[in-house]
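K.L.:
The primary structure of each chain is shown beneath.
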Amino acid sequence: MDSVYVKRNKAGRINIKAGNKVNSVINTTVISLTLLTVIAFLLFDYTGLDIGRAVVETASNLKTMFLQPAFSHFTWREGLYQLGVTISLAVLATILGAIIAFFLALWSAVNLSNRWVSKAIKIFVAFIRAVPTVLWVLIFAIAAGLGSEAAILGMLFHSVAYLVKAFSEAFEEVDKGMLEALKSTGAGWWQTVTHAVIPSTSTYLLSWTFLRFEINFSVAVAMGAAAGAGGIGFELFMASGFYFDLREVGFITYAILLVAIVLEMMSTKLKQRYFPSAVK
Amino acid sequence: MNENTFKKRKLQTTVFFIAIIAVSFFSASMTDFNLIDGILTIPSAFIWMGENLIITADTLSKLPNIMEKLIETIFMSIAATTTAAILSFFLGVAGSKTTAVNGVLSAFARLIASFARNIPVVAWALILLLSFGQNSMTGFLALFVGTVGFLTRAFIESIDEAGISAFEALTATGATYFQIVAKAVIPQCLPQMISWILFMIETNIRSATLVGILTGTGIGYAFDLYYKMLDYQAVALVTLLIVVAVIMIELLSNHVRKVIL
Chain F
1 MDSVYVKRNK AGRINIKAGN KVNSVINTTV ISLTLLTVIA FLLFDYTGLD IGRAVVETAS
61 NLKTMFLQPA FSHFTWREGL YQLGVTISLA VLATILGAII AFFLALWSAV NLSNRWVSKA
121 IKIFVAFIRA VPTVLWVLIF AIAAGLGSEA AILGMLFHSV AYLVKAFSEA FEEVDKGMLE
181 ALKSTGAGWW QTVTHAVIPS TSTYLLSWTF LRFEINFSVA VAMGAAAGAG GIGFELFMAS
241 GFYFDLREVG FITYAILLVA IVLEMMSTKL KQRYFPSAVK
Chain Z
1 MNENTFKKRK LQTTVFFIAI IAVSFFSASM TDFNLIDGIL TIPSAFIWMG ENLIITADTL
61 SKLPNIMEKL IETIFMSIAA TTTAAILSFF LGVAGSKTTA VNGVLSAFAR LIASFARNIP
121 VVAWALILLL SFGQNSMTGF LALFVGTVGF LTRAFIESID EAGISAFEAL TATGATYFQI
181 VAKAVIPQCL PQMISWILFM IETNIRSATL VGILTGTGIG YAFDLYYKML DYQAVALVTL
241 LIVVAVIMIE LLSNHVRKVI L
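Residue numbers (full-length UniProt numbering), protein chains in the order written: chain F, 1 to 280; chain Z, 1 to 261.
In case anyone wonders, no lab produced these hints; they're calculated from the structure.
Be aware that one or more of the hints could be misleading.
[What the hints assert, rightly or not] Straight-line alpha carbon distances no greater than 30 Å define the calculated DSSO-like cross-link-like pairs of lysine-lysine that follow:
| # | chain 1 | residue 1 | chain 2 | residue 2 |
| --- | --- | --- | --- | --- |
| 1 | Z | K10 | F | K269 |
| 2 | F | K269 | Z | K97 |
| 3 | Z | K183 | Z | K62 |
| 4 | F | K176 | Z | K8 |
| 5 | F | K271 | Z | K10 |
| 6 | Z | K62 | F | K10 |
| 7 | F | K271 | F | K122 |
| 8 | Z | K258 | F | K165 |
| 9 | Z | K183 | Z | K69 |
| 10 | Z | K97 | Z | K183 |
| 11 | F | K165 | F | K10 |
| 12 | F | K119 | F | K10 |
| 13 | F | K119 | F | K165 |
| 14 | F | K271 | Z | K8 |
| 15 | Z | K8 | F | K269 |
| 16 | F | K271 | Z | K228 |
| 17 | Z | K183 | F | K165 |
| 18 | F | K165 | F | K269 |
| 19 | Z | K97 | F | K176 |
| 20 | Z | K10 | F | K176 |
| 21 | F | K269 | Z | K7 |
| 22 | Z | K10 | F | K10 |
| 23 | F | K63 | F | K122 |
| 24 | F | K183 | Z | K183 |
| 25 | Z | K97 | F | K271 |
| 26 | F | K176 | Z | K258 |
| 27 | Z | K10 | F | K183 |
| 28 | F | K271 | Z | K62 |
| 29 | Z | K183 | F | K21 |
| 30 | F | K122 | Z | K10 |
| 31 | F | K119 | F | K271 |
| 32 | F | K165 | F | K176 |
| 33 | Z | K8 | F | K183 |
| 34 | F | K63 | F | K119 |
| 35 | F | K10 | F | K176 |
| 36 | F | K183 | F | K10 |
| 37 | Z | K258 | F | K119 |
Here the structure is a predicted model, which means the values were calculated and not measured.
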């Protein structure tokens, strides 16, 4: 039997008053989101939009795309190669990101590090996360020139920020007793890490890294389209923006969809195996 | 555990690392990526940022214009998220094992969500751009589709997780399906759902920047414009404003989350 979760206040009593704080916060959030949405629709810029025509056109475009996919500006080999480039971008950003994030996470986990160092890293990481990936890629592109270096560095920044958060939470959950036991034998910090922290968290670390890889694949597609990083995303951008070749757009979309679904199935398996309780 | 177990484990780890290194080298050759060059770029990139991404008094004259674009983007992400949440709620109720009306409808809801989620937002933006043109609607719809995909999965998981007991209890009292959904499912799952909606608003502001670059709307357009005009002071201002907006929304939603969860 699974127990029913009951919300309690600080004193441990069940909250039964009609207008408690939780309800009022929920109501305020819902009402303000609704109001903001209404305002948003009034503020939108509708220049050149004929909604009826646009919907009909999109429907027929989608029909052409998904029912008659074909490719004309590249061959099978090239298409596969471009898909490989996108996956490779994601692989490199993920692996390098995981290595850097591993060390930063060690320093930012409160049980393994100094409180101030931990805080500093956490603030730094929050800042990196707040800047959209595409802006990082474009900013790096000025210094490194357009190409894989800028794309990978830009994606790397976000991957590091994401993984540091996930890794340091995993490290913070390491059993306190285990760390103390090792400390009492006279083990140094690094020995504690290699013999207690890594063995007990390695499956989590690998799962999180794979989850990030799934995200990085779609980011890599986006970077190809928006920042000229190459790969299948760039082909998609060319097919829709320059050749107006809907069948090719359809073909590319199917290719991306296929890879994304395979990755999602793999990560769902991983989640069920290693994080049965966490939803994220 | 004996000696052999350790040996076997060591072998597995070694094979795993060799595989990872091989994949990395293969990927690097696919993308022409040079690790040394890449690492060397980082300091020069930061020096460049320090020298060029400076906000001067001159740039501040562009502030009203940029603010207007930023507000457009924020509103676009909120509107896309809330409208998507309404659709996702119905899809979530139809798709969850607890509340599924029938298997076909449930599979259909899951299929739509998977389709919407796994085609990247950029692809939706480019597809919609062809017939909707350069206006807020294109970005809104692109974000909307992606959000429906993500939120439907999240809502299905929230409803599944809440368990079947309340649903069964109300069924026993003779309540109709809609009464059960309104009185058992919504009150139980609403905090979780709001938490996901807030998370999605944060994510969408970042995605909206990307979509804006492609569809020529909002803050993404402002960034792209100044970037192409090589006006790096303005680029710095735009980036800074995005960071401030994202962090403010994150703090606000963390506060709400702390109270309701």
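K.L.:
Now, for every hint given, state plainly whether the structure supports it.
P.N.:
Hint check results:
1. Z:K10 with F:K269: Distance ~25 Å between K10 (chain Z) and K269 (chain F) Cα, so the pair holds.
2. F:K269 with Z:K97: 18 Å, holds
3. Z:K183 with Z:K62: Not OK: K183 (chain Z) and K62 (chain Z) at ~51 Å, beyond 30 Å, violated.
4. F:K176 with Z:K8: 28 Å, holds
5. F:K271 with Z:K10: 25 Å, holds
6. Z:K62 with F:K10: Since the Cα atoms of K62 (chain Z) and K10 (chain F) sit roughly 49 Å apart, the hinted pair is violated (cutoff 30 Å).
7. F:K271 with F:K122: Holds, at roughly 25 Å.
8. Z:K258 with F:K165: Given pair K258 (chain Z), K165 (chain F) holds - Cα atoms ~18 Å apart, limit 30 Å.
9. Z:K183 with Z:K69: 41 Å, violated
10. Z:K97 with Z:K183: 18 Å, holds
11. F:K165 with F:K10: Between K165 (chain F) and K10 (chain F) the Cα gap is close to 28 Å, so the pair holds against 30 Å.
12. F:K119 with F:K10: 27 Å, holds
13. F:K119 with F:K165: Distance of about 12 Å is within 30 Å: holds.
14. F:K271 with Z:K8: Holds: K271 (chain F) and K8 (chain Z) sit about 26 Å apart, inside 30 Å.
15. Z:K8 with F:K269: OK: K8 (chain Z) and K269 (chain F) at ~25 Å, within 30 Å.
16. F:K271 with Z:K228: 42 Å, violated
17. Z:K183 with F:K165: Violated: K183 (chain Z) and K165 (chain F) sit about 37 Å apart, past 30 Å.
18. F:K165 with F:K269: Since the Cα atoms of K165 (chain F) and K269 (chain F) sit roughly 22 Å apart, the hinted pair holds (cutoff 30 Å).
19. Z:K97 with F:K176: 39 Å, violated
20. Z:K10 with F:K176: 26 Å, holds
21. F:K269 with Z:K7: 28 Å, holds
22. Z:K10 with F:K10: 49 Å, violated
23. F:K63 with F:K122: The given pair, whose Cα atoms are some 47 Å apart, is violated under the 30 Å limit.
24. F:K183 with Z:K183: It is violated: about 53 Å lies between the C-alpha atoms, which goes past 30 Å.
25. Z:K97 with F:K271: Roughly 19 Å between the alpha carbons, so the hint for K97 (chain Z) and K271 (chain F) holds.
26. F:K176 with Z:K258: The given pair, whose Cα atoms are some 26 Å apart, holds under the 30 Å limit.
27. Z:K10 with F:K183: Measuring from Cα to Cα gives roughly 24 Å; hence the hint holds.
28. F:K271 with Z:K62: 47 Å, violated
29. Z:K183 with F:K21: Holds - the C-alpha atoms of K21 (chain F) and K183 (chain Z) are around 20 Å apart, at most 30 Å.
30. F:K122 with Z:K10: It is violated: about 33 Å lies between the C-alpha atoms, which goes past 30 Å.
31. F:K119 with F:K271: Holds, at about 29 Å.
32. F:K165 with F:K176: 20 Å, holds
33. Z:K8 with F:K183: 28 Å, holds
34. F:K63 with F:K119: This hinted pair is violated, its Cα atoms lying about 52 Å apart.
35. F:K10 with F:K176: 26 Å, holds
36. F:K183 with F:K10: 36 Å, violated
37. Z:K258 with F:K119: 20 Å, holds
Of the numbered hints given earlier, the model fails hints 3, 6, 9, 16, 17, 19, 22, 23, 24, 28, 30, 34, 36; all others are met.
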